[in-house]
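Construct the complete structure from the given sequences, taking the supplied hints into account.
Listed here are the chains, written in short residue letters.
There are 4 protein chains.
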Amino acid sequence: MIKAGIIGATGYAGSQLMRLLSNHPNVEIKTITARSYIGKAYPEVYENFREITPLVCEEENVEKMAEECDVIFMALPHGLASKLVSESVLSKCKVIDFGADFRLKDLDIYNKWYGVEHFGAEFIDEAVYGLCELNREKIKKARLIANPGCYTTCSILALSPLVKFGLIEEDSIIVDAKSGVSGAGRGVELTNLFCEVNENMKAYKIAAHRHTPEIEEQISYFGKSNIIINFTPHLTPMNRGILATSYAKLVKGVTEDDVRKAYMSFYENEYFVRLTKAGTFPETKWVKGSNFTDIGFKIDERTGRIIVISALDNLIKGAAGQAVQNMNILFGIDEKTGLTTVPDFPV
Amino acid sequence: MIKAGIIGATGYAGSQLMRLLSNHPNVEIKTITARSYIGKAYPEVYENFREITPLVCEEENVEKMAEECDVIFMALPHGLASKLVSESVLSKCKVIDFGADFRLKDLDIYNKWYGVEHFGAEFIDEAVYGLCELNREKIKKARLIANPGCYTTCSILALSPLVKFGLIEEDSIIVDAKSGVSGAGRGVELTNLFCEVNENMKAYKIAAHRHTPEIEEQISYFGKSNIIINFTPHLTPMNRGILATSYAKLVKGVTEDDVRKAYMSFYENEYFVRLTKAGTFPETKWVKGSNFTDIGFKIDERTGRIIVISALDNLIKGAAGQAVQNMNILFGIDEKTGLTTVPDFPV
Amino acid sequence: MIKAGIIGATGYAGSQLMRLLSNHPNVEIKTITARSYIGKAYPEVYENFREITPLVCEEENVEKMAEECDVIFMALPHGLASKLVSESVLSKCKVIDFGADFRLKDLDIYNKWYGVEHFGAEFIDEAVYGLCELNREKIKKARLIANPGCYTTCSILALSPLVKFGLIEEDSIIVDAKSGVSGAGRGVELTNLFCEVNENMKAYKIAAHRHTPEIEEQISYFGKSNIIINFTPHLTPMNRGILATSYAKLVKGVTEDDVRKAYMSFYENEYFVRLTKAGTFPETKWVKGSNFTDIGFKIDERTGRIIVISALDNLIKGAAGQAVQNMNILFGIDEKTGLTTVPDFPV
Amino acid sequence: MIKAGIIGATGYAGSQLMRLLSNHPNVEIKTITARSYIGKAYPEVYENFREITPLVCEEENVEKMAEECDVIFMALPHGLASKLVSESVLSKCKVIDFGADFRLKDLDIYNKWYGVEHFGAEFIDEAVYGLCELNREKIKKARLIANPGCYTTCSILALSPLVKFGLIEEDSIIVDAKSGVSGAGRGVELTNLFCEVNENMKAYKIAAHRHTPEIEEQISYFGKSNIIINFTPHLTPMNRGILATSYAKLVKGVTEDDVRKAYMSFYENEYFVRLTKAGTFPETKWVKGSNFTDIGFKIDERTGRIIVISALDNLIKGAAGQAVQNMNILFGIDEKTGLTTVPDFPV
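Protein chains in written order, with our numbering: chain W, 85 to 431; chain X, 85 to 431; chain F, 85 to 431; chain L, 85 to 431.
It cannot be assumed that every hint is accurate.
It does not matter which identical chain is used: a pair holds within one copy or between any two.
[Claimed, not checked] Restricting the straight-line Cα-Cα distance to at most 25 Å, the calculated cross-link-like pairs of lysine to aspartate or glutamate (DMTMM-like) are: (1) 336 - 255; (2) 308 - 419; (3) 361 - 217; (4) 224 - 352; (5) 382 - 253; (6) 176 - 128; (7) 333 - 384; (8) 345 - 135; (9) 87 - 301; (10) 382 - 206; (11) 87 - 221; (12) 333 - 255; (13) 382 - 128.
No lab work stands behind these hints: they were computed from the structure.
Rendered as structure tokens:
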């Protein structure tokens, strides 16, 4: 049994991780922590766990946790994980960080977009970006995994094949993304109130969202340039799911067939990426509750652009599910273990 | 492996059964049928099953299905299953019927509330009402299971202990129930359109809903009289879940302690029934995606009434989950098999 | 022009009042206050008012407001208005209080249910309960109006005719009410977050909601006893609207015709109460955005109970609309002025 | 009083028109028709009109209506209005058509995108495209108004100033639009069911939506080329509202100040267009229930693109409200008459 610890178990992502690990046949959850709920039984914070877990939220003690656990999941706001990661911790157990601290390789870019000091800069190089479909081999040998963001996973999986095979103009990429509200976390703020969000559609952090440089870095590895994109997130009145609509100018002469072949070869053996047939497009409801990312595309002959639609569940493939997938890879067990639930509809 | 067939696999309940059985370790789905989608691959009807199942909707042939399967699930509108059940079928395999045809023991009451002829009246006596927590021993030996309705399961589990232990006046029961929209099925009707349902609350079939006599019959088995209740269903703008608020006059002298002991003894060993602590009450979100029924109560000293709140997922414990639970009992495997997913929140 | 002041203009009820008064042909809004937004232009708090109003939220100064205004609306949490009302204020202008401070005539009951000291007890007797359909004549001459609660308006209008005409057993009343989330106000609390409320149904404050004694007092005026009821509020995942499902035992011999005549005579000349035809029942969507209360009923011969369904918009007839209606009565203008918008559907 | 007739009064747009005209001080609704509800009282189709209107849905008789009315509104699917418009009708009364039949000046483009024959081609030239802010002077003298589509109004108002003042590259425009479900009408189809739409986000008619050529034609009038755009509509789980996120490459050297000045001069005297301040962006909730279009923009220096956000209520400014605005212009009354309701929030 893999012994797991969770730091920050009471956010929506942490809670989803609790759910997935509770049903994972190879995992025993040893310790959970949550600064705001120390001493509280987990089912008092999340009543869906009533009579399911005896775990109590403890105070954070990363060294002790590293002694007792094989893997520590950190589901914390950015800037906090970088203080907890140390050589001592990494020498004893694997760390999978849900936050942004170890996702960007360029510290300047981190500082610019996040505006906080980085306390674990010495581990940035070592950290492996945990987008499993792209970095599986590196993940296997990693000690520290930077679990990707939700918008980023959805965007990178949609765009990487196009960039890799040189099918699009690299300076023409626009990602217009729509997210459910759980992506904003459980923070008690006016803008997250039911009546403020329900029956409303809005864009936010236009040209300023922190997932932008993360997408840019990852797709640039496949490209010829330092790719700069437009990324616009939108808040949609639903609990879960991300739909990304990506636009790019096709390189002259590229055909629908070229594009389909690119996607098929790129994701040939990937269980968690599903390509839709021509004329069918992903919707968030078809992936909800699962670790799948669905991808479909359309070429507009009139404008010479491709429109790619991708969809995932922000709390699963966009957070806790991908973390479990990373854990499975790290510990050499079947990557799908604990992640094979059929998407739930209508839910 | 238990070989299963599903007749009516493309309704919401049928689809949820597909989901549960797809992840059930002891089941192989052999055949599925759906009159409106003959020849269609299941993932074309429900795209969440994309790349998950190769099954194609077939034409209905219950005799052939009985030959090939160990259990047939019938997820059909009332009046149809009674035509499909026969001695020949029952002699070859178990039948679990989602509809109302075999739930009521009194044919007159069936005729009065459903207004259709019953074509399988000779099997009514034999059929076992599949509310697992009440009829487990009978279910074990049954050939034909009448899987209970969603409102009824939620109401009967809330009321039975009170009636059995004589804690309430039997003529004082009122059940005010609130359901998500998936309970109305996938029928394409004006009243089910998004804009007609969303941001609206309404009661329907007041004093006339067909689940009424089903509740009455089952709780009467525990009582001293033929219990007659008021039952009012409401349509709530959400996909899933039922919340039932039940009211009854307490018998003079009954204390909170009496009530709690009654519930605890009644559900002592029941995994799928969770009692909430005093002061905490069930909400549909805490059971969604699971087979649990949560029950809590409050005594109002001012009026001498008890208010019982019960919650379940109408498609799981109210339909497909209970059907799987019944199947597990029928085949002698652990009753929880395939049903241990932690409720999913926020979803 | 009636000069109006609003204390507490930035809650949902206050904002709805701003809307209604902005379109009222006889009103000029002179001053608005809001403790948390002093100095802020109203459209910065509510962007729907962009370019519509130049008003800025001021600090509270009730004496100054009384000098400048003909009517002051107080949209404050309970316990605050009682500190602001004084002989000096009432001698200069009318006061319409949205809160509970002057609704209950019995101070002991106020203390018991609200648990706060009352600082304006000397005005309790004078205050008129502003349910316009019941107290129109008293309202005309009042200085201080206690604008009723949302649940209470919906319940009292449904029950009063039955009690007045002696059609029901007075000790048999149960009100099961369902409210949209705006009823909880704009308070920034975990329980009001989108993901906590959306796709969920729950009961709250069971046998303990403060609107209970308010309903009891008002319907008791029509009855033979001190009526005690069960009242259970529920939170429904929608922005606006209340649906109340009321149950009572009919007095022996009472017929459907008796009941219909009672409602028709009681509401004969009432524009804002609409009775539905037999077999048709109110839904919140049909009254949204309007000052109407719709009422319909069904008699269940099996149990001898009547079920009454009533619906209103909690922010209009349940708060700001009724306040405007009260103001219209107070100032002798047509009661419907500013309140004739057709209910908006689908919205 | 302007005597009005409505053909197709029972769709969502027709119903909203009924609402607006019912509260319009200068209008008397003479006749309404609806093929599916002939002989039915309007409040039986839309219960929000209970006790508000005595009108009954009649059979369509356009000649008779033209005799009796000053203006006929046609709220019909495309292809139907072109059969009803005739010289005889236009010589007697004004016609405002909600459909697409007279919006496109190029019949080939109509045929290509709509795939139906046009039966009133002789009136295409005469028809005035009723986007009031662009064509006010022509509208004044028109007999036949082609009321614009909802997506188109939202997109054209956002883009026109940029094109007119030459601020963007004309071949770089992408409009990513998100609509509430009422835009799909009241058609009883599987894809419009609550459970299919709720908690889901999807794109549809990608690179194929019929509003595309309409946007292109109108903004091309301001440009130097035949502008071709990408337009992608999305279905959002809410009743009302459209949010359009438009992207374009800025012409080299264009500054934020240039852009703001362009918008301000273009919409200087337009009551129904509201520009948001820098850093603030439109949301659908702030325009709901009103005839406003809100517009805001952001320049991304990194990519050289402008992102424009525009929002309107699809049933008001996107349909019935704009129709009333057109009527007001046609009859020489204040353009705002009947359209000054403050947007309703939270609703």
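Outcome of the hint check:
no., hint, result
1, 336 - 255, "both (14 Å within a copy, 16 Å between copies)"
2, 308 - 419, "neither (31 Å within a copy, 55 Å between copies)"
3, 361 - 217, "within (21 Å within a copy, 42 Å between copies)"
4, 224 - 352, "within (20 Å within a copy, 46 Å between copies)"
5, 382 - 253, "both (16 Å within a copy, 23 Å between copies)"
6, 176 - 128, "neither (32 Å within a copy, 48 Å between copies)"
7, 333 - 384, "both (10 Å within a copy, 19 Å between copies)"
8, 345 - 135, "between (49 Å within a copy, 18 Å between copies)"
9, 87 - 301, "neither (33 Å within a copy, 50 Å between copies)"
10, 382 - 206, "neither (43 Å within a copy, 37 Å between copies)"
11, 87 - 221, "within (23 Å within a copy, 39 Å between copies)"
12, 333 - 255, "both (9 Å within a copy, 11 Å between copies)"
13, 382 - 128, "between (47 Å within a copy, 19 Å between copies)"
Of the numbered hints listed earlier, those contradicted by the structure are 2, 6, 9 and 10.
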